[in-house]
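Let's have the full structure, built from the sequences with the hints guiding it.
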Amino acid sequence: MSDHEYTPKSKIGKWFNDRLPLLTLGSHLTDYPTPKNLNYWWTFGGILTFCLLTQIITGIVLAMHYVAHADLAFASVEHIMRDVNFGWLIRYIHSNGASMFFLAVYIHIFRSLFYGSYKSPREVIWIIGLLIYLLMMAAAFMGYVLPWGQMSFWGATVITNLFSAIPLIGESITTWLWGAYSVDNPTLNRFFSLHYLIPFLILGLVVLHIWALHVPGNNNPVGIDIKKPSKDTVPFHPYITIKDAFALLMFMIIFAGFVFFSPNVLGHSDNYIPANPLVTPAHIVPEWYLLPFYAILRSVPDKLGGVILMFGAIFILFILPWLDTSKVRSAVFRPIYRQFYWIFVIDVLMLGYMGAMPAEGIYLVLARVGTIYYFLHFIVVLPVVGLLEKTDPIPMSISEPVLTGSADPSLARKNNDKI
Amino acid sequence: MIRFKFKTITLAVSLLLASFAPLFGAGSGGELLKVDWSFKGLTGKFDRASLQRGFQVYKEVCSSCHSMQYLSYRNLGESGGPEFSEEEVKAIAASIEIEDGPDSQGEMFLRAGRPADKFKSPYPNVNASISANGGAYPPDMSVLVKARPGGSNYIYSVLMGYEDPPAGMNLDDGVYYNKYMIGNKIKMSSPLSDDIVEYTDGTSATTEQMAKDVTTFLTWAAEPELEERHRTGVKVIIYLILLTTLVYLSMKRVWSRVDTEV
Numbered sequence: 030m031s032d033h034e035y036t037p038k039s040k041i042g043k044w045f046n047d048r049l050p051l052l053t054l055g056s057h058l059t060d061y062p063t064p065k066n067l068n069y070w071w072t073f074g075g076i077l078t079f080c081l082l083t084q085i086i087t088g089i090v091l092a093m094h095y096v097a098h099a100d101l102a103f104a105s106v107e108h109i110m111r112d113v114n115f116g117w118l119i120r121y122i123h124s125n126g127a128s129m130f131f132l133a134v135y136i137h138i139f140r141s142l143f144y145g146s147y148k149s150p151r152e153v154i155w156i157i158g159l160l161i162y163l164l165m166m167a168a169a170f171m172g173y174v175l176p177w178g179q180m181s182f183w184g185a186t187v188i189t190n191l192f193s194a195i196p197l198i199g200e201s202i203t204t205w206l207w208g209a210y211s212v213d214n215p216t217l218n219r220f221f222s223l224h225y226l227i228p229f230l231i232l233g234l235v236v237l238h239i240w241a242l243h244v245p246g247n248n249n250p251v252g253i254d255i256k257k258p259s260k261d262t263v264p265f266h267p268y269i270t271i272k273d274a275f276a277l278l279m280f281m282i283i284f285a286g287f288v289f290f291s292p293n294v295l296g297h298s299d300n301y302i303p304a305n306p307l308v309t310p311a312h313i314v315p316e317w318y319l320l321p322f323y324a325i326l327r328s329v330p331d332k333l334g335g336v337i338l339m340f341g342a343i344f345i346l347f348i349l350p351w352l353d354t355s356k357v358r359s360a361v362f363r364p365i366y367r368q369f370y371w372i373f374v375i376d377v378l379m380l381g382y383m384g385a386m387p388a389e390g391i392y393l394v395l396a397r398v399g400t401i402y403y404f405l406h407f408i409v410v411l412p413v414v415g416l417l418e419k420t421d422p423i424p425m426s427i428s429e430p431v432l433t434g435s436a437d438p439s440l441a442r443k444n445n446d447k448i
Numbered sequence: 104m105i106r107f108k109f110k111t112i113t114l115a116v117s118l119l120l121a122s123f124a125p126l127f128g129a130g131s132g133g134e135l136l137k138v139d140w141s142f143k144g145l146t147g148k149f150d151r152a153s154l155q156r157g158f159q160v161y162k163e164v165c166s167s168c169h170s171m172q173y174l175s176y177r178n179l180g181e182s183g184g185p186e187f188s189e190e191e192v193k194a195i196a197a198s199i200e201i202e203d204g205p206d207s208q209g210e211m212f213l214r215a216g217r218p219a220d221k222f223k224s225p226y227p228n229v230n231a232s233i234s235a236n237g238g239a240y241p242p243d244m245s246v247l248v249k250a251r252p253g254g255s256n257y258i259y260s261v262l263m264g265y266e267d268p269p270a271g272m273n274l275d276d277g278v279y280y281n282k283y284m285i286g287n288k289i290k291m292s293s294p295l296s297d298d299i300v301e302y303t304d305g306t307s308a309t310t311e312q313m314a315k316d317v318t319t320f321l322t323w324a325a326e327p328e329l330e331e332r333h334r335t336g337v338k339v340i341i342y343l344i345l346l347t348t349l350v351y352l353s354m355k356r357v358w359s360r361v362d363t364e365v
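Residue numbers (the working numbering), protein chains in the order written: chain Y, 30 to 448; chain R, 104 to 365.
Keep in mind the hints are simulated off the structure, nothing from the lab. Treat the hints with caution; some may be incorrect.
[Unchecked claim] Quick partial rundown of chain R residues pointing at chain Y, CB under 8 Å, derived from the structure: (1) R151; (2) S245; (3) V246; (4) K249; (5) A308; (6) T335; (7) V339; (8) L343.
[Claimed, not checked] Sample of chain Y residues with no beta-carbon within 10 Å of chain R, all distances over it, derived: (9) D60; (10) I157; (11) K256; (12) M279; (13) I391; (14) R397.
We put the beta carbon where it would ideally sit given N, CA and C, even for glycine.
Written out as structure tokens, the structure is:
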């Protein structure tokens with residue numbers, strides 16, 4: 030950032046820029062040297078920004094018509110669906126948008142895990158990203174409560190009850206969260222307030238996330254440090270902007286597919302039944318993106334233990350940069366880690382599946398195995414593999430594996446295929 | 104290279120989708136009856152005549168117990184629905200007595216319904232409906248199709264699923280056996296029987312025909328935007344595909360200045 034020289038051409042531009050260097054910032058953002066070998070997994074940052082803005086814009090419109098009251102919320106959602114012009118479209122974009130947001134964030138996180146983007150010097154980017162992820166989960170959970178359907182009510186009951194597992198003060202905390210002696214109108218009111226607040230906190234963190242990114246610059250599929258700017262980089266605009274736009278449009282096609290042709294497939298049909306404190310649904314399940322953590326929660330026979338492990342599963346990610354002992358970033362050059370990476374992916378998907386199933390019999394056994402492996406991956410596999418693994422030879426620059434004219438053509442070709 | 108990447112992305116997406124597929128299958132009793140509904144698919148539309156017949160079944164049979172509180176009579180004339188004419192909608196509304204008020208003297212009064220009125224509920228409140236129906240709440244039908252796993256097929260199956268209970272199964276008074284109901288027990292007696300309704304368009308009112316018609320009507324009631332949604336969706340996706348192609352070509356052009364593939 031500091032090595033960027035920029036002088037506006039016009040007099041007015043110079044006058045303004047001397048007082049508030051917005052034009053310098055704009056120029057920095059467009060010229061920002063980006064590794065030229067970024068693959069499509071790197072386009073999800075832009076996609077996520079789009080998701081956040083979509084949620085904020087549709088959310089603001091929905092809030093103009095929604096009524097946060099236990100007796101009126103369900104009806105006001107139906108009012109949006111039936112009487113508000115394009116209300117159905119705005120609401121379906123918002124509700125499916127949450128799923129698309131999580132789909133994108135999971136791809137973004139797993140990309141980071143594969144290419145070692147969380148490692149030095151990018152630990153702070155990673156940690157800010159995790160804070161965003163935590164806030165996203167809070168926002169999504171509270172948003173799901175707002176229609177005040179059966180899953181809203183019972184999901185809120187299950188999750189807020191988790192806090193009652195805290196010894197001594199747990200019960201008081203839960204009552205304080207509810208604002209009543211059960212999930213009720215005060216709970217709905219505060220959830221609405223917080224649901225409106227959190228996206229703007231996320232927006233602030235996104236600015237920090239990008240700021241922190243622009244200090245060391247992007248990681249890349251080869252995972253090596255590169256000189257910036259150099260023949261290994263391209264300016265952000267137009268190269269990355271147009272590539273991000275292309276990927277975003279592909280993403281929007283899938284998004285539109287859900288919104289227009291199966292808008293309720295990602296939700297639960299019980300949430301079209303108005304909340305009823307006297308009738309408990311047969312299976313209380315959270316939205317799909319929280320299922321792996323739900324599986325971890327239920328795999329522990331003790332309530333407090335389950336809560337600790339569930340939060341532990343998220344918080345262990347915060348120390349990931351120090352658990353992974355390997356100096357090599359990209360899994361492309363880490364043959365052993367690469368295999369464990371895919372086992373981990375399968376483990377998380379399996380946990381998600383178990384989270385959707387009733388916690389009994391074989392499902393419970395597999396959820397327990399999955400939970401144990403989840404933690405083993407971080408506590409044992411990452412530190413040990415990092416120390417023992419013999420990594421593949423790493424190219425000196427990005428251009429080496431990309432161009433066939435490198436010193437070692439066979440290495441170049443091999444790397445080229447891998448990336 | 105690029106094709107390979109999309110394959111991986113597709114694979115990842117489908118894996119993710121598959122991982123939460125079990126959420127939507129679980130629930131009902133037996134394997135549901137499947138009907139080839141006209142409103143399924145990317146360009147699916149409601150069968151107008153079936154919607155009008157379905158409304159007749161709702162009005163003459165269902166509405167004596169089931170409310171439909173989020174619909175207004177005017178909805179019956181809106182495009183994408185049964186599309187009754189303006190006069191027909193006015194006549195349907197006018198045939199209902201609505202309590203309004205208070206008037207300037209503070210009294211409630213009865214008046215003929217207007218298209219802007221919400222569907223009148225058969226009971227003043229939920230407790231009254233439970234007490235009148237042997238302890239079971241006849242659910243509001245506004246979004247019933249969306250509120251059941253299996254949707255339209257489930258509603259149709261339950262309507263068609265009344266059978267004699269299997270030998271050895273004892274049912275209390277006022278409880279009936281239904282092949283597709285969760286738990287196979289239902290407190291609603293079979294609502295449909297041949298010719299219980301006399302269709303104004305001359306269609307033969309078999310149980311199957313009525314079940315189909317009323318399910319179509321209930322699907323529209325739950326998703327009145329369905330036709331507009333499908334129509335808009337097709338346009339949006341065609342637009343996005345065209346734009347994506349243009350952006351792809353521009354991207355190729357821009358990146359041709361660099362020695363890297365995109």
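Ascending list of hint numbers which this structure does not respect: 1, 5, 12
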